[in-house]
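Visitor: Protein sequences appear in the order of chains Z and C. Position 91 of the first sequence, counted from 1, bears residue number 90 in numbering that gives the first Met the number 0, the numbering being contiguous throughout. Position 69 of the second sequence, counted from 1, bears residue number 68 in numbering that gives the first Met the number 0, the numbering being contiguous throughout.
Since the hints were made in silico from the structure, they are not lab data. All figures in this text were calculated on a predicted structure; none of them were measured in a lab. Just so you know, not all the hints are guaranteed correct.
Claimed, not checked - With a straight-line cut-off of 30 Å between C-alpha atoms, the simulated DSS-like cross-links for lysine-lysine are:
1) Lys417(Z) to Lys673(Z)
2) Lys417(Z) to Lys671(Z)
3) Lys673(Z) to Lys595(Z)
4) Lys755(Z) to Lys673(Z)
5) Lys671(Z) to Lys659(Z)
6) Lys67(C) to Lys751(Z)
7) Lys659(Z) to Lys67(C)
8) Lys417(Z) to Lys67(C)
9) Lys659(Z) to Lys673(Z)
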Amino acid sequence: MARLPASPTQRIDPSRPIRFRYWGGEAEGVAGDTVASALYAAGVRVFSRSLKYHRPRGLYGLDGESANTFVAIDGVPNEAAETTLLRPGMAIAAQNVRGSPERDLYGILDRFDGLMPAGFYYRLFHRPARLWPFFQERLRAMAGVGVLQPSGSRERPGRFERYLNAEVAVVGGGPAGMAAALAAAEGGGRVCLFERRLHLGGHLDWRTRLVDGQPLHRRATELAARVAACPNIRVFTHAPVTGVWGENLVTGFLICPEGGIAREYHYECRARSVVVASGCTERPLVFEHNDRPGVMPATTAWRLAASYGVLPGRRAVFAGGDDSSLEAAIELAGYGVEVAAVADARAEGHDPELVAAIGEAGIRFLPGWTAGAARGTNRVTGVELRRIDGGRAEELRCDLLLANAGLQSLIGPLSTLKAQLGYCTRTGMFQPTRLPERAFVAGSMLGLRDVAAIEASGRLAGLEAAAAAGWDAESQIREARDAVRNAPGPAAGCFLACAPGIGRGAKAFVDFDEDGSYKNVVESAQQGFDVPELAKRFGGFGLGPGQYHVPGQNLAMIMAALAGTPLDQLSGTTVRPPLVPPRLATLAGPGLAVHKETPLHDAQAALGAIFRNAGAWHRARYFSTDLSCREEIRNVRANVGVLDSSPLGKFRIYGPDAQKALQRVYVSDMSKTKPGRCKYSAMCNDTGNLMDDGVVVEIGPGDYYFTTSSARAGATVEWFRYHTRHDGWEYQLVNLTDTLGSLNLAGPNARKVLAKITDADLSNAAFPYMGYREIVVGDGVPVRCLRLGFVGELSYELHAPSSYCGYLWDLIMAAGAEFGIRPFGLEAQSCLRAEKGHVIIGTESEQRVTLTDIGMGFLWDSKDTASKKVGAPALRHASGQTDRLKLVGLRIDQAERRPEDGDIVIDGTEVVGYLCTTRMSETLGWQYGLALITDRHAPEGGTVQIYSNPRGTPSVTHGTVVAPHFYDPEGARLRA
Amino acid sequence: MTFMLTCPICGRRELHEFLCGGQERGPRPPQEGLSAEAHFRYAQFRSIPPAPQPEWWYHGQGCGVWFKATRNPATNREERPGG
Ligand SMILES: [Zn+2]
């Protein structure tokens, strides 16, 4: 379809065509088009099928008000066609459609409407319970919006500013919002202005009406230029606000332009004050078949013509309740739409200037009339207009029916901000009755219609907000108040709840997304769900992605009318966040997961390491595609291997009370540390669960170096300080985890390798097992060397400044070459330590087991009560208990299918525990397992059954209980 | 819901920088003769009265201090911030 001749309100560039695909065919839009405007211009009228009844649905709003216009774009479902800019080559498909949008195979459901009353899912299908899965599957196939493609592209966003700070945040970039921002900025503070649309200007953007000799859209451009020129205002367009929260936190997301840093990103703006100027939207008129394609708010048709140069239809009938519809009628007539009639639900109170203009244009004006029913199925073909008092009716032909029941305020941001709202019997809208601290409201949402009044209210709110943020603006505020007082006040609204004469069975929709009709509201009320908040849950009104926009005030007004409640007692529903739905990938997803890389990342990558995320880190897990790591394990046992253990927690604690702090958090007697010795101990929580283990070395008087597990490194400082917070002890705690990297050199040849790169005496006598030495390696790198044995072999942990770790790694690899050194990863380490029976916290321990249960009770100094050790009371309490889970070793019989980690241990039909870790060990020649099982089954020599059920085919394997130290139980290799 | 808290060292900061350590329940009770019930009552039980109460907060994303703040869980408002 050719576009209308160029006009100053247009936001498109028809000289730049954009080709795209829709429903398998080729179509063309122009630069500046949204998907919705391009589809509409291409002649698409049925955009989708409705959720429950598969009714044809067309374009409704242009701001993402309903799911009618959700489409799948390039395989990504639920994209709002109205807010997504057209890009070249897009493949667009309709949703919830079997067949094509125009001829849908499930469309027949519409005839069985009687079978689907409000709440029908719950009432019809919940019994018998065993049939529910069957119904659930069928219903899900029929209903629903879009199909998710899990293999969709994963985007990694670039850099963006997520956390903003401002003195004043302004929600809404219309005339009130812009005036507020400009006024607030006069105080010199930082102002952030958020607008959901692509352009500032609000409802002025497409209006050509002359006010003080200037077209309104020109006024909008002028204000926008002043805002842009103001150095302390930051403008965010295409940036819908998802909520405004306690102490004025504004959250939302920014939709980036094509080729931007991300598709969308989430922002949070902490502002001292906030101005909400989110404006109004048309309140949908509830009448029969008000969902037919071609029935839409007046603004939608107006904007299609003014902003996108698309002729919305040939012959229009208006059925409105606000002066804006009168203005729209005059404008659309000017664009070449034949306006058959303008019905207005208000009998009086119209803007005389507009009424006169309608008369001059030769348009029939019907005050006190409204729409009663739309004709047509896939397209509106006519309308039955009715008098408000139900007295008369008249049929008119049209292909465009522009209907509303006046305006309603967009109260979403106020609702999340917990402002008190009440129904105003003058404006006919919900309006704030009490605002939280430093929150202000301005513009048309206060019922103002006069543009000068709207700007004046914006200016006042902006000044008040800046003043609340600390600017002395007393005299300016006084002047602004006078300006508001002298401007026209709120206009009278429209109070029509729904069209007259719609019967019980009418298909008059209150909510398009959930197919909630007037009939369903009546049913909800009859079932006892007779207040809006209850009806909302029962009938699903307002639970769809369009949220409040379509059901809005109507649900409350209809329910009040049914119950005979006076209007001034009208109560609404709480608008829930997000006010505008962001993509899930905007809030979560792989692009937002941040992991640390160790100083040896590149060195290991060069050797073919396969990395996995482990806690806060990105770590080398395998060094080959053999995920059983046979070669890596064999080499550590037979030669020597090196592991990057840099994520290991590394800390220094010093001060006169450092030892007291250690006594508090460690279960052992920490007065028994010795210089040059590693003391192994563990930390428990208040329920006696193992939280952490590591070694403590005394490096000076009241000065200690200690290690924690990688997973606990981040919480260690918090843990120490929490458990000593009442004591007033004097100690300093320094987290050295990232400062120092660490390498674990392990295997029978470890000493030989290390000896080649240091002059330190490494003999067993000079540097025994569990020893600690500060040595110098290579060209003078200071290394803290700990002789430990987590993997069960002679090993040296080398802790060195992170910046030296690469050098150290190269040195070791070169020195170890003659001994066949090779790196090993986390998986090999996990197998090696499991063979040795060394536990990993969270793998062989859990919430139900204490330190004692997993065989580490020997660490606990049970006689010490004076230190008030964390976990000691629980350990004491649990020590006499029976029927507890214990950690045991299992020697698992050979079986066709080997049990896996997590398989359960059974005794007949009773579950007695589970396998924590199990591997087929080449070193041992049999499959071992570490299992937590009840103490009744824990004695060594007993047999247990292991039940495996991968992919639904169960099998049982037998195992014998043995001590959980399979490899070198005497520890001779560690001491070698 | 979100609010701000005042760290005695860093000043007023976003809630997400902090970790809540729960209601102030006094120092750890002496362990000599401590019954299991008394221990678990101290370690596990918390009440959230809709009135100002002293609480422990940890400034994990900041200076790493544990401090006491008096907050009303019903309004999320601090009393005598920083005091
Ligand atoms: Zn702090």
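Visitor: Taking the hints in turn, state whether each one holds.
Guide: Do the hints match the structure? See the list:
| no. | hint | verdict |
| --- | --- | --- |
| 1 | Lys417(Z) to Lys673(Z) | violated (60 Å) |
| 2 | Lys417(Z) to Lys671(Z) | violated (58 Å) |
| 3 | Lys673(Z) to Lys595(Z) | violated (34 Å) |
| 4 | Lys755(Z) to Lys673(Z) | holds (28 Å) |
| 5 | Lys671(Z) to Lys659(Z) | holds (12 Å) |
| 6 | Lys67(C) to Lys751(Z) | violated (54 Å) |
| 7 | Lys659(Z) to Lys67(C) | holds (22 Å) |
| 8 | Lys417(Z) to Lys67(C) | holds (28 Å) |
| 9 | Lys659(Z) to Lys673(Z) | holds (16 Å) |
When the structure is compared with the earlier hints, violations turn up for hints 1, 2, 3, 6 and for no others.
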